Amino acid sequence: MALPKNAEGYRRMVFTTNSLRNSTVSVEDDTLYYEIVTRFWHPYLTKIFKLDPDTREMILVAEIEREPGKNVRVRFGGEHGEWTNEQDFMSWDLQKRGGNFTGDEGVEYRWKSHKRRLQLIRANDDAKVPVAQYHIYRRHFLVFRMLRHAFLEIKPEATMEGLDKLIVSYLLVERKRRDTQ
Numbered sequence: 013m014a015l016p017k018n019a020e021g022y023r024r025m026v027f028t029t030n031s032l033r034n035s036t037v038s039v040e041d042d043t044l045y046y047e048i049v050t051r052f053w054h055p056y057l058t059k060i061f062k063l064d065p066d067t068r069e070m071i072l073v074a075e076i077e078r079e080p081g082k083n084v085r086v087r088f089g090g091e092h093g094e095w096t097n098e099q100d101f102m103s104w105d106l107q108k109r110g111g112n113f114t115g116d117e118g119v120e121y122r123w124k125s126h127k128r129r130l131q132l133i134r135a136n137d138d139a140k141v142p143v144a145q146y147h148i149y150r151r152h153f154l155v156f157r158m159l160r161h162a163f164l165e166i167k168p169e170a171t172m173e174g175l176d177k178l179i180v181s182y183l184l185v186e187r188k189r190r191d192t193q
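So the sequence shown is residues 13 to 193, counted in my numbering.
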C-alpha cells in the first residue's frame, strides 16, 4: 500500500547523496537534520549525527561498525553507549530482504519490500499501513544529474526519539539489500 500523494503532515526527509556512508538526511526547513559520516581514517565506522535545533550543535546519536570478518555492531547514545550486535538490534528476514526492530516506545516495526521499495510498517498492523516509505532517486535520461533526490516519507506518528532508530535501521537494511544484489 502506497502512502497518499501530498498528504499533510508527512515529513519528507531527503538524502543529499545515494551513499549509505556519507550523506545528510533532512527535511526542507532543517528542523530534522541528520548527518551520516564515515571518515577515511576510520573506514569501518559510520557515525550518525543529529542537529540540535536549540544549540545548533551536531550530537552523536549512533554508530555502526562494519569491520571485515566480524559481526556488524551498533551503538546508540554516542560515545558512552554500549555496543550491541546487529542481530540483537534487528532480526532479519533474508527471503523478503527486510528486518524487524523495536522502537523506543516498545513498538515492533518491520522493514519490508513492497514493489521493490522499502516500507516500514508496524509488525502487528494487519492493515500494513506504512509508517515510512523510501523513494529512490531519479536521474535526467538515466545518466545525468539527479532530477529528484531519494527521500524517506515519514508519518507524523514517528516520534523524534524513534527517528534515530528508524534512520539506523534503514541504513542496515539498505546495506544488506545492496550487498545481496
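Worth flagging that the hints you see were computed from the coordinates, not collected in a lab.
Check each hint, because a few of them may be wrong.
As the list claims (entries may be wrong) - Derived Cβ-Cβ restraints for the label pairs, each shown as a range:
(1) ASP116 <-> ALA139: 14 to 24 angstroms
(2) GLU69 <-> VAL39: 17 to 27 angstroms
(3) HIS92 <-> LYS127: 17 to 27 angstroms
(4) ALA139 <-> ARG33: 13 to 23 angstroms
As the list claims (entries may be wrong) - Below, in silico cross-link-like pairs of lysine-lysine (DSS-like), each with a Cα-Cα straight-line distance of 25 angstroms or less:
(5) LYS127 <-> LYS140
(6) LYS62 <-> LYS127
(7) LYS167 <-> LYS124
(8) LYS188 <-> LYS82
(9) LYS140 <-> LYS167
(10) LYS127 <-> LYS188
(11) LYS59 <-> LYS188
(12) LYS140 <-> LYS188
(13) LYS62 <-> LYS140
(14) LYS59 <-> LYS82
(15) LYS188 <-> LYS62
(16) LYS124 <-> LYS140
(17) LYS127 <-> LYS167
Keep in mind it's a predicted model, so treat the numbers as computed, not measured.
Glycine included, C-beta positions come from ideal geometry on N, C-alpha and C.
Now the hints, each set against the structure:
Between ASP116 and ALA139 the beta carbon distance is about 23 angstroms. The supplied range of 14 to 24 angstroms therefore holds. Taking the beta carbon of each, GLU69 and VAL39 are about 18 angstroms apart, inside 17 to 27 angstroms as hinted. At roughly 41 angstroms, the beta carbons of HIS92 and LYS127 sit outside the given window of 17 to 27 angstroms. Look at ALA139 against ARG33: about 35 angstroms separates their beta carbons, and that is not inside 13 to 23 angstroms.
Taking the CA atoms of LYS127 and LYS140, the gap is about 14 angstroms. The hint holds against a cut of 25 angstroms. Among the hinted pairs, LYS62 with LYS127 is inconsistent with the structure: their alpha-carbon atoms are about 31 angstroms apart, more than 25 angstroms. Distance hint between LYS167 and LYS124 is fulfilled; the C-alpha atoms sit about 16 angstroms from each other, no more than 25 angstroms. This hinted pair checks out: LYS188 and LYS82 have alpha carbons roughly 15 angstroms apart, not beyond 25 angstroms.
For the hint pairing LYS140 with LYS167, the CA-to-CA distance comes to about 13 angstroms; that is within 25 angstroms, so the pair holds. Of the pairs offered as hints, the one joining LYS127 and LYS188 holds, with about 18 angstroms between alpha carbons and a cut-off of 25 angstroms not exceeded. With a C-alpha separation of about 18 angstroms, the suggested pairing of LYS59 with LYS188 holds against the 25 angstroms cut-off. Pair hint LYS140 plus LYS188 holds up; C-alpha atoms about 23 angstroms apart against a cutoff of 25 angstroms.
Taking the CA atoms of LYS62 and LYS140, the gap is near 29 angstroms; set against the 25 angstroms cutoff, the hint is violated. About 18 angstroms separates the Cα atoms of LYS59 and LYS82, which keeps this hinted pair within 25 angstroms; it holds. Distance restraint check for LYS188 and LYS62: the Cα-Cα separation of roughly 23 angstroms lies within the 25 angstroms cut-off, and the hinted pair is therefore satisfied. Distance check on the hinted pair: LYS124 and LYS140 sit about 10 angstroms apart at the alpha-carbon level, within 25 angstroms; holds.
Note on LYS127 and LYS167: the hinted pairing holds, with a Cα-Cα distance of about 20 angstroms set against a maximum of 25 angstroms.
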